[in-house]
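Numbered per the UniProt record's numbering, the sequence shown spans residues 1 to 121.
Note that these hints are calculated values from the structure, not bench results.
The beta carbon of each residue, even a glycine, is placed where N, CA and C say it ideally should be.
Incorrect hints may appear among the rest.
Claimed, not checked - Capping the alpha-carbon separation at 20 Å, the derived lysine to aspartate or glutamate pairs in EDC-like fashion look like this: (1) Lys25 - Asp53; (2) Lys118 - Glu97; (3) Lys36 - Glu76; (4) Lys36 - Glu108; (5) Lys54 - Glu76.
Claimed, not checked - Pair by pair, the computed Cβ-Cβ distance ranges are: (6) Phe11 - Gly42: 16 to 24 Å; (7) Arg40 - His106: 29 to 37 Å; (8) Pro78 - Ser52: 37 to 45 Å; (9) Leu79 - Ala17: 30 to 38 Å; (10) Gly37 - Gly101: 19 to 27 Å; (11) Ile110 - Leu19: 24 to 32 Å; (12) Glu43 - Cys100: 14 to 22 Å; (13) Met96 - Ile57: 30 to 38 Å.
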Amino acid sequence: MAKENSENPRFICGLHATLHVISGKWKPLILFFLNKGPTRYGELKRSVRGVSDKMLIQQLKELESDGIVQRTDYGEIPLRVDYSLTPFGTSLVRAMEPLCGWGEAHEEDIAVAMDRRKASR
């Protein structure tokens with residue numbers, strides 16, 4: 001367990017710490033696509049369908065601040081910037097891979113459950 005102090009939240013368990021890093025609707029998908037290699041902003045925006053520019057920029061900044069993502073500015077004109085996983089980020093993505101497998105294995109059950117939830121509203 002992490003020590004409690006004013007700068008770091010106290011985590012109940014390792015899962016709580018992980019959720020602190022990947023919380024947000026788009027972060028897991030951003031990480032999924034960055035796992036394929038360095039990616040330019042426009043390509044990432046096209047891959048993470050439905051995310052607004054504002055939200056994608058915010059989530060990338062948070063992931064960069066947490067040491068999960070690295071932003072590389074090549075100092076070129078026109079502007080050329082790409083994003084990639086740090087070693088810390090790669091370790092997080094490796095930990096998420098079984099979760100992706102679970103989602104793929106149960107995709108149909110999840111869709112049925114979502115439809116049922118929507119119908120009950």
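- Message: Please verify whether Lys36 and Glu108 have alpha carbons no more than 20 Å apart.
- Response: Distance ~25 Å between Lys36 and Glu108 Cα, so the pair is violated.
- Item | Status of the given 14 to 22 Å range, CB of Cys100 versus CB of Glu43 | Since the Cβ atoms of Glu43 and Cys100 sit about 20 Å apart, the hinted range of 14 to 22 Å holds.
- Does the alpha-carbon distance linking Lys36 and Glu76 stay inside the 20 Å limit? Judged against 20 Å, a Cα distance of about 24 Å means the pair is violated.
- Item | Range agreement (Cβ of His106 with Cβ of Arg40, hint 29 to 37 Å) | holds, 33 Å
- Query: For the pair Met96 and Ile57, does the Cβ-Cβ distance stay inside 30 to 38 Å?
  - Reply: At 22 Å between Cβs, range violated.
- Query: Is the distance from the Cβ of Ile110 to the Cβ of Leu19 consistent with 24 to 32 Å?
  - Reply: Violated: the Cβ-Cβ distance is about 19 Å, outside 24 to 32 Å.
- Query: Between Leu79 and Ala17, does the C-beta distance stay in 30 to 38 Å?
  - Reply: Cβ of Leu79 to Cβ of Ala17: about 35 Å, so the range 30 to 38 Å holds.
- Message: Hinted pair, alpha-carbon criterion (20 Å max): Lys25, Asp53. Please report holds or violated.
- Response: Roughly 14 Å separates the two Cα atoms, so the pair holds.
- Task: May I ask you to test the hint 19 to 27 Å on the CB atoms belonging to Gly37 and Gly101?
- Result: Holds - the Cβ-Cβ distance for Gly37 and Gly101, about 21 Å, lies within 19 to 27 Å.
- Lying within 37 to 45 Å: is that true of the beta-carbon distance Pro78 to Ser52? Taking Cβ atoms as reference, Pro78 and Ser52 lie about 22 Å apart, which means the hint is violated.
- Sort out whether Glu76 lies within 20 Å of Lys54, counting only the CA atoms. violated, 23 Å
- 20 Å Cα cutoff - pair Lys118, Glu97: It is violated: about 28 Å lies between the C-alpha atoms, which goes past 20 Å.
This entry does not satisfy hints 2, 3, 4, 5, 6, 8, 11 and 13, going by the numbered hints stated previously.
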